[in-house]
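Participant: This is what each chain is made of:
Number of protein chains: 2
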Amino acid sequence: MATQAAPRKAKITVYIAQTLDGFIADSNGKVTFLESYEDTTGEEKPDDCGYAEFYETVGALIMGRTSYELVRGFADWPYKGKMSYVLSTSVIDDMLPDTKCFQIKGQPSVDEQLRNLIAEIEKDLKEGQCIWVMGGGVTIDAFLKANLVDELDIFVLPMMLGSGVPLFPVRGGGASIQSKLTLTRLEKRAKGIARLTYDTKAK
Amino acid sequence: MATQAAPRKAKITVYIAQTLDGFIADSNGKVTFLESYEDTTGEEKPDDCGYAEFYETVGALIMGRTSYELVRGFADWPYKGKMSYVLSTSVIDDMLPDTKCFQIKGQPSVDEQLRNLIAEIEKDLKEGQCIWVMGGGVTIDAFLKANLVDELDIFVLPMMLGSGVPLFPVRGGGASIQSKLTLTRLEKRAKGIARLTYDTKAK
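Taken in order, these protein sequences are the chains called B and U.
Letter by letter, the first sequence follows residues 1 to 203 of this note's numbering.
Letter by letter, the second sequence follows residues 1 to 203 of this note's numbering.
Hints were generated in silico from the structure; no laboratory data involved.
Misleading hints may appear alongside valid ones.
Claimed, not checked - Straight line, CA to CA, 25 angstroms or less: simulated DSS-like cross-link-like pairs of lysine-lysine: (1) B:LYS191 to U:LYS145; (2) U:LYS201 to B:LYS191; (3) U:LYS188 to B:LYS180; (4) U:LYS180 to B:LYS191; (5) U:LYS30 to U:LYS11; (6) U:LYS188 to B:LYS188; (7) U:LYS11 to U:LYS191; (8) U:LYS82 to B:LYS188; (9) B:LYS201 to U:LYS180; (10) B:LYS145 to B:LYS188; (11) U:LYS191 to B:LYS145; (12) B:LYS180 to B:LYS30; (13) U:LYS100 to U:LYS126; (14) U:LYS11 to U:LYS100; (15) U:LYS145 to B:LYS30.
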């Protein structure tokens with residue numbers, strides 16, 4: 001009888017754009033401001049901020065319900081062929097193909113429920129595939145609080161919104177925050193976008 | 001009779017450190033977390049994040065009252081020989097040498113009062129000297145709203161606080177925000193600090 005394989009440990013990545021003042025969506029939850037950063041220079045290989053390369057490695061996505069509803073409003077679901085797990089406190093009827101609702105319940109702790117979700121997802125991942133915690137701020141924050149983020153890949157847009165949905169909502173602070181980060185990459189991308197990549201687990 | 005010199009136009013700079021999650025001080029208004037980023041590598045020239053070079057060009061400082069009280073609590077006033085203007089809604093008694101209270105009144109608009117302050121300061125500046133809007137978030141925000149900031153020089157520390165005093169407080173948005181920025185410098189400094197410099201006036 002074959003010995004059971006050790007549990008796969010998939011890298012959990014946050015890959016997201018924010019304005020310099022820290023917003024990932026405007027006050028109406030819209031991300032239309034992102035459009036002006038699409039590289040339309042007509043170059044043969046427009047700068048996609050490493051998205052294609054990153055997306056290639058993604059085995060599954062996790063998002064909050066608000067992000068799901070936002071993306072669902074687009075013409076096409078952009079993550080076909082990869083399973084997206086949608087966090088919600090209530091059941092969502094009529095889920096799109098390649099999406100699954102993960103209901104957050106009153107107990108056990110949210111941290112434990114998220115760890116269970118990750119373990120569940122890891123069963124279906126191929127070697128080297130990562131899990132993309134796509135957004136929004138509340139979902140990312142929950143994963144940060146649970147110490148479940150390995151990499152933060154943040155694209156700082158050269159603009160300010162003044163208000164909107166923050167990437168990092170203000171919370172009470174405390175010991176569960178991943179406070180020490182290691183800057184592993186700093187890149188100037190097209191249109192004045194600064195890419196800051198952090199390893200949260202390095203010592 | 002000599003013609004009157006054209007009004008001097010001093011560059012107005014925000015030079016400040018923030019955590020990755022956007023805080024410039026902790027929930028108690030303290031900046032003790034900055035201490036762990038002092039370069040103590042023992043190098044002959046430790047990385048000061050360009051501070052000495054920048055400070056050399058500073059002709060005057062502007063700060064809010066909270067920042068003033070914070071810095072005043074240090075062993076020595078660190079800005080001797082340069083005039084610091086302290087914004088406050090009330091009169092501050094017993095000002096330190098090289099500091100002056102600038103009282104914000106009910107009228108005219110805050111924007112106009114800040115423009116008047118700048119014009120007043122510029123009279124005493126030497127050619128090429130800049131004005132450093134030192135902090136905190138409320139003061140910086142007021143200058144941003146009044147379109148009075150030329151350069152944002154931000155040092156992103158590789159850490160998160162979870163809560164504290166934000167560099168960019170959430171406000172209502174609107175037309176007065178300097179929303180378009182030009183990334184002019186992106187540098188990796190000592191201890192994983194990322195320096196992001198923006199020109200707010202470039203087209």
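Participant: Are the hints correct? Go through all of them and say.
Facilitator: Structure-based check of each hint:
Between LYS191 (chain B) and LYS145 (chain U) the CA atoms are separated by roughly 24 angstroms; this keeps the pair inside 25 angstroms, and the hint holds. Between LYS201 (chain U) and LYS191 (chain B) the alpha-carbon distance is near 16 angstroms, which keeps this suggested pair within the 25 angstroms criterion. Taking the CA atoms of LYS188 (chain U) and LYS180 (chain B), the gap is about 17 angstroms. The hint holds against a cut of 25 angstroms. For the given pair, LYS180 (chain U) sits about 11 angstroms from LYS191 (chain B) by alpha-carbon distance, which is consistent with the 25 angstroms threshold.
Note on LYS30 (chain U) and LYS11 (chain U): the hinted pairing is violated, with a Cα-Cα distance of about 28 angstroms set against a maximum of 25 angstroms. About 11 angstroms separates the Cα atoms of LYS188 (chain U) and LYS188 (chain B), which keeps this hinted pair within 25 angstroms; it holds. For the hint pairing LYS11 (chain U) with LYS191 (chain U), the CA-to-CA distance comes to about 29 angstroms; that exceeds 25 angstroms, so the pair is violated. Simply put, LYS82 (chain U) and LYS188 (chain B) have alpha-carbon atoms about 35 angstroms apart, too far for the 25 angstroms limit, and the pair is violated.
Taking the CA atoms of LYS201 (chain B) and LYS180 (chain U), the gap is near 34 angstroms; set against the 25 angstroms cutoff, the hint is violated. Simply put, LYS145 (chain B) and LYS188 (chain B) have alpha-carbon atoms about 29 angstroms apart, too far for the 25 angstroms limit, and the pair is violated. The suggested pairing of LYS191 (chain U) with LYS145 (chain B) holds, with an alpha-carbon distance near 24 angstroms, which does not exceed 25 angstroms. For the hint pairing LYS180 (chain B) with LYS30 (chain B), the CA-to-CA distance comes to about 31 angstroms; that exceeds 25 angstroms, so the pair is violated.
A C-alpha spacing of about 19 angstroms is found between LYS100 (chain U) and LYS126 (chain U), which places the hinted pair at or below 25 angstroms, so the restraint holds. Restraint check for LYS11 (chain U) and LYS100 (chain U): satisfied, since their Cα atoms lie roughly 20 angstroms apart, inside the 25 angstroms limit. At roughly 23 angstroms between alpha-carbon atoms, LYS145 (chain U) and LYS30 (chain B) fall within 25 angstroms of each other, so this suggested pair holds.
Violated hints, listed in ascending order, are 5, 7, 8, 9, 10 and 12; each of the other numbered hints is respected by the structure.
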